[in-house]
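Asker: Read off the chains here:
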Amino acid sequence: MEKHDFKQVLQHTPFHVRVEELSLMKSWSPWNGYQVARVFDTLAAEYFAVRSSCTVFDVTPMEKYRIKGPDALDFLNRLVTRDVSKLKPGRVTYVAWCNDEGRVLDDGTIFHLGDDGYRLCAQHHQLDWLMISSLGFDVSIEEETHDVAALSVQGPTSYSVLCAAGISGLEELKPFGILNTKIDDVDVMVSRTGFTGDLGYEVWVDPRHGITLWDAIFSVKERGLYDIKPIGLDALEMVRIEAGFIMPGDDFITAETAVRADHDRSPFELGLEWAVSFDKPYYTGRRALELEKSQPAKRRLVKLSVEGNKEPTDSFLYDAKNGQRIGAIKTNIWSPILKSNLAMADIDYKNGEAPTEIWAEIYYQKELEWKSTWARCEISDKPFWSNKRRSQTPPNRV
Amino acid sequence: MTNKTIIIIGGGHNGLVCATYLAKEGHNVTVLEARDKLGGSASKHVFAEGYHVAGLAHVIHPLNPKIVKELGLKIKKGAAIDTISLSEDGNHLILGKDSVKGGNLSADDIAAYKDFKKEFRKYAKALEPLTINKPPRLKDMDNKDKFTLAKIGWSLRFGLGTSSMREFLRVGGINIYDVLNEVIDDPQLKGAIAADAVIGHHMGPRTPTTVLTYLNRLRGETYGPPTLPQAVGDHFVEVMIKAATMAGVHIEKGARVKRIIVNDGKAGGVELTSGEERIADMVISNADAKTTFLDLVGAAEMDAMFAQRINTTRTNGTVAKLHFALNKLPEIEGLSNGEMSQRLIVAPDMRYVEHAFNHAKYGEYSEKPVLEITFPTLADPSLAPDGHHVMSVSASFAPYSIKGGWDQSRSVFSHKVLSLIEKYAPGISSHVVASEILTPKDIEQQFNVTGGHWHHGELTIDQSFMMRPVHGTAQYNTPIDGLFLCGASAHPGGGITGIPGHNAAKRILSMKGGE
Ligand SMILES: Cc1cc2nc3c(=O)[nH]c(=O)nc-3n(C[C@H](O)[C@H](O)[C@H](O)COP(=O)(O)OP(=O)(O)OC[C@H]3O[C@@H](n4cnc5c(N)ncnc54)[C@H](O)[C@@H]3O)c2cc1C
Numbered sequence: 000m001e002k003h004d005f006k007q008v009l010q011h012t013p014f015h016v017r018v019e020e021l022s023l024m025k026s027w028s029p030w031n032g033y034q035v036a037r038v039f040d041t042l043a044a045e046y047f048a049v050r051s052s053c054t055v056f057d058v059t060p061m062e063k064y065r066i067k068g069p070d071a072l073d074f075l076n077r078l079v080t081r082d083v084s085k086l087k088p089g090r091v092t093y094v095a096w097c098n099d100e101g102r103v104l105d106d107g108t109i110f111h112l113g114d115d116g117y118r119l120c121a122q123h124h125q126l127d128w129l130m131i132s133s134l135g136f137d138v139s140i141e142e143e144t145h146d147v148a149a150l151s152v153q154g155p156t157s158y159s160v161l162c163a164a165g166i167s168g169l170e171e172l173k174p175f176g177i178l179n180t181k182i183d184d185v186d187v188m189v190s191r192t193g194f195t196g197d198l199g200y201e202v203w204v205d206p207r208h209g210i211t212l213w214d215a216i217f218s219v220k221e222r223g224l225y226d227i228k229p230i231g232l233d234a235l236e237m238v239r240i241e242a243g244f245i246m247p248g249d250d251f252i253t254a255e256t257a258v259r260a261d262h263d264r265s266p267f268e269l270g271l272e273w274a275v276s277f278d279k280p281y282y283t284g285r286r287a288l289e290l291e292k293s294q295p296a297k298r299r300l301v302k303l304s305v306e307g308n309k310e311p312t313d314s315f316l317y318d319a320k321n322g323q324r325i326g327a328i329k330t331n332i333w334s335p336i337l338k339s340n341l342a343m344a345d346i347d348y349k350n351g352e353a354p355t356e357i358w359a360e361i362y363y364q365k366e367l368e369w370k371s372t373w374a375r376c377e378i379s380d381k382p383f384w385s386n387k388r389r390s391q392t393p394p395n396r397v
Numbered sequence: 000m001t002n003k004t005i006i007i008i009g010g011g012h013n014g015l016v017c018a019t020y021l022a023k024e025g026h027n028v029t030v031l032e033a034r035d036k037l038g039g040s041a042s043k044h045v046f047a048e049g050y051h052v053a054g055l056a057h058v059i060h061p062l063n064p065k066i067v068k069e070l071g072l073k074i075k076k077g078a079a080i081d082t083i084s085l086s087e088d089g090n091h092l093i094l095g096k097d098s099v100k101g102g103n104l105s106a107d108d109i110a111a112y113k114d115f116k117k118e119f120r121k122y123a124k125a126l127e128p129l130t131i132n133k134p135p136r137l138k139d140m141d142n143k144d145k146f147t148l149a150k151i152g153w154s155l156r157f158g159l160g161t162s163s164m165r166e167f168l169r170v171g172g173i174n175i176y177d178v179l180n181e182v183i184d185d186p187q188l189k190g191a192i193a194a195d196a197v198i199g200h201h202m203g204p205r206t207p208t209t210v211l212t213y214l215n216r217l218r219g220e221t222y223g224p225p226t227l228p229q230a231v232g233d234h235f236v237e238v239m240i241k242a243a244t245m246a247g248v249h250i251e252k253g254a255r256v257k258r259i260i261v262n263d264g265k266a267g268g269v270e271l272t273s274g275e276e277r278i279a280d281m282v283i284s285n286a287d288a289k290t291t292f293l294d295l296v297g298a299a300e301m302d303a304m305f306a307q308r309i310n311t312t313r314t315n316g317t318v319a320k321l322h323f324a325l326n327k328l329p330e331i332e333g334l335s336n337g338e339m340s341q342r343l344i345v346a347p348d349m350r351y352v353e354h355a356f357n358h359a360k361y362g363e364y365s366e367k368p369v370l371e372i373t374f375p376t377l378a379d380p381s382l383a384p385d386g387h388h389v390m391s392v393s394a395s396f397a398p399y400s401i402k403g404g405w406d407q408s409r410s411v412f413s414h415k416v417l418s419l420i421e422k423y424a425p426g427i428s429s430h431v432v433a434s435e436i437l438t439p440k441d442i443e444q445q446f447n448v449t450g451g452h453w454h455h456g457e458l459t460i461d462q463s464f465m466m467r468p469v470h471g472t473a474q475y476n477t478p479i480d481g482l483f484l485c486g487a488s489a490h491p492g493g494g495i496t497g498i499p500g501h502n503a504a505k506r507i508l509s510m511k512g513g514e
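As you go down the protein sequences, you meet chains V and Z in turn. Under numbering that gives the first Met the number 0, read the first sequence as residues 0 to 397, first letter to last. Under numbering that gives the first Met the number 0, read the second sequence as residues 0 to 514, first letter to last.
Simulated from the structure, these hints should not be mistaken for lab results. The reader is advised that the hints may include incorrect statements.
[To be verified] In silico DMTMM-like cross-links for lysine to aspartate or glutamate, where the CA-CA straight-line distance does not exceed 20 Å:
#1 Lys143/Z x Glu127/Z
#2 Lys338/V x Glu377/V
#3 Lys265/Z x Glu377/V
#4 Lys279/V x Asp480/Z
#5 Lys138/Z x Asp114/V
#6 Lys113/Z x Asp177/Z
#7 Lys265/Z x Glu100/V
#8 Lys511/Z x Asp280/Z
#9 Lys422/Z x Asp348/Z
#10 Lys309/V x Glu356/V
#11 Lys292/V x Asp480/Z
#12 Lys73/Z x Glu237/Z
#13 Lys320/V x Asp278/V
#14 Lys365/V x Asp313/V
#15 Lys67/V x Glu142/V
#16 Lys138/Z x Glu100/V
#17 Lys279/V x Glu435/Z
#18 Lys265/Z x Glu356/V
#19 Lys87/V x Asp114/V
#20 Lys327/Z x Glu421/Z
#21 Lys257/Z x Asp480/Z
#22 Lys338/V x Glu272/V
#23 Lys67/V x Asp184/V
#24 Lys43/Z x Glu435/Z
#25 Lys265/Z x Asp313/V
#26 Lys36/Z x Asp280/Z
#27 Lys117/Z x Glu87/Z
#28 Lys292/V x Glu272/V
#29 Lys138/Z x Glu236/V
#30 Lys292/V x Glu127/Z
#31 Lys279/V x Glu237/Z
#32 Lys65/Z x Glu24/Z
If we strip away everything but chain V, and leave its shape as in the complex, we get (with noise of 0.2 Å):
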């Protein structure tokens, strides 16, 4: 009879014998209850490997629930802010949903799985929440997470390693479409999406399958045909900064953890407005969003880069040097590619637009001394890092 060990608090994912091997620094975080890798080696290799290489992240914590019945797609259009009504089989979307005040309880994908139904990819725990919005809906709702083990295969050379490991049919993928084939036997479904900017894939499989999948993948790099390289989630934390992706819990509070009133944020807040819909039917929030619609713009999170190479870790936000403070810095990475320190930011508008300067009032440290400097801030519309590679088809193979 297996025994368990009340000591392990963290979950092992079925990739775990293998990550523990190649972990040098053996830095671990939780993540949804499992123990996940933070650095392998040096963040620095892990970094440049997801910008120049191929790197296998995994992403077995993530939520993932599976959506069958008549209703499936008339509940997920309920459910989220976009339309995806018109979402096809085989092809997955980013969504965003909402509680009845129209501030934001998480973010995600979904997928079309077919006659298999949707999956759902969420940040936070969401059963409950999907429980409640089934009401009146013919669905069955049911939580996979620990049911379906996923690797994040990404960088430059990805596509040209999962054609090595044996996947055929890639070459046809779009980006956010999903492919199911074999890998050395085993049933997988590869999808074209990630948390990069860059080209990726992600690929899903049966936990007891796991470990096939990996040294499927790993098996080019020992035929030395490519180097592939494991990386944490502070490698993917820089990279995900980089191509604009927002994290619930880090970059804004979820509706459902704010306490306080007004700490929420709408989908227009987040800079998600391209994701808000109000050309489909009801779907929770609407009511509420389409009156913040018609109101001047209170506040966004924008992508910011910051002059200088001090890191404006937790800063305030002024109007001016020494002028009124109008926000406050979320997340922030140094850039190595960029060589820019860049930053999500939570700034207040004035009657509708965005401040025309904004500085950051950044503390740093020299030698156990504090010190302050001021650092000039330019928002980005568009992601800070993008590479065409990420929607070519087919990849280039290199």
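The hints should help you fit chain Z with the ligand onto chain V, whose structure is shown.
Answerer: Only chain Z with the ligand this time, still in chain V's reference frame:
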């Protein structure tokens, strides 16, 4: 507000009140009632050929006097009745408005009853500003809300005076069991009052908030004494129908609404089960909140949490209504013929009532139910063939859902009720020529009330005032523009009062340009 085409779903008494107010202001109002008669739970009911009762509601207080006056309702006053708490030894207790006699009462208890009733009627009166107005919102109050709050504050503080107000605040949230134990000794007297506090609710005397439910009941007494409703011609529903018709309300019976049409978040009319569509500027629902939102609007048209709140309101009824056709008026030992026409109850003490309720908690009917018995034929002989009578019984507790389902328990429970009455009226069973039992399940089906609940939903604190039926739709308007509630599931709840219908109409009439 200029003339609007308005559809009212349901011709219960509240629907009729609301319709009349709106029609009087020149609106074009149509009432669509699913059943073939009007009045909802107050409508005349035939339970065997030739035998009728005036309605599920068999003991009524006057409607709110403001409504009676404003709508010019000429309702014939029935004879005022007392409550008689039956005792197996024939030494019954007779409870009047302020006086009580019979039983084994001490002089202290007789005085205590008088003081208690006076004090509690004062509380009920003090709450009146909250009753006859829309409940104030907690956020974004309008001037009317502020005025209501000011009035209620004034009424509690100065209407009651310091010591009464302190006492009111003390007892407001506790249970009737503790309060009665403080002021009265006689078990039977306490049982009779406690029964009033819990009837229609999923509550026993020890349940918190039973002081508030008792006050809710006493509100009727502040309008006038209880009566048995008249049935023929003078039935108050007939009077209401006349007033409605005179005001220009168009009434259709046998018109069941299947769906409320919602376009872009606004109610635009209704679809009947016949498939026919009716266009309207405004739709007002006398149906309960669950029926209105979950069945007629549909959860998909609403925000998920709002639908969830509606779905989780407690609406399971606890009272079964039993009707017996008798070939002879039974005799109850110790009661004169005149006393037979009063409201008779079986609630010998508070423990009895609490024990009866215990069963309901576990999905069982009461082994020894609390009964409210009337002989409506004594007020209106035309309800039965010559010389015959009907007996109308509200039996608590008969929960909506019971273990094993009602089909196998309906006749057992009916039998239990009759044998309990037999103890006080020996031989009554042999005079029964026909009978019917309506469990909350039956009431749900036949009267179109979710859960068959007396109040269209429990009157607990969390489902009262600005949270009735739930917050987000507590001022008669709803999240759907142009859709309103006007029935018992809205503030201040059920009973024959006309107040939800009145408040809804006033709310709608006070809106500027549709708001
Ligand atoms: C067993 C029992 C005993 C009671 N005894 C008493 C008593 O003695 N004294 C007292 O004061 N109160 C009593 N009550 C309470 C009282 O009867 C109700 O609270 C009151 O009748 C509610 O009035 P209303 O107009 O709001 O709703 P209702 O009377 O329920 O009327 C609602 C109407 O809407 C109609 N409707 C619903 N859905 C649709 C649809 N889809 N399309 C068209 N029409 C629809 C229904 O058919 C019904 O006619 C009792 C209640 C019960 C259940």
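Asker: Looking back at the numbered hints, which does the structure fail to meet, lowest number first?
Answerer: Violated hints: 3, 5, 13, 17, 18, 22, 23, 25, 26, 27, 29, 30 and 31; rest satisfied.
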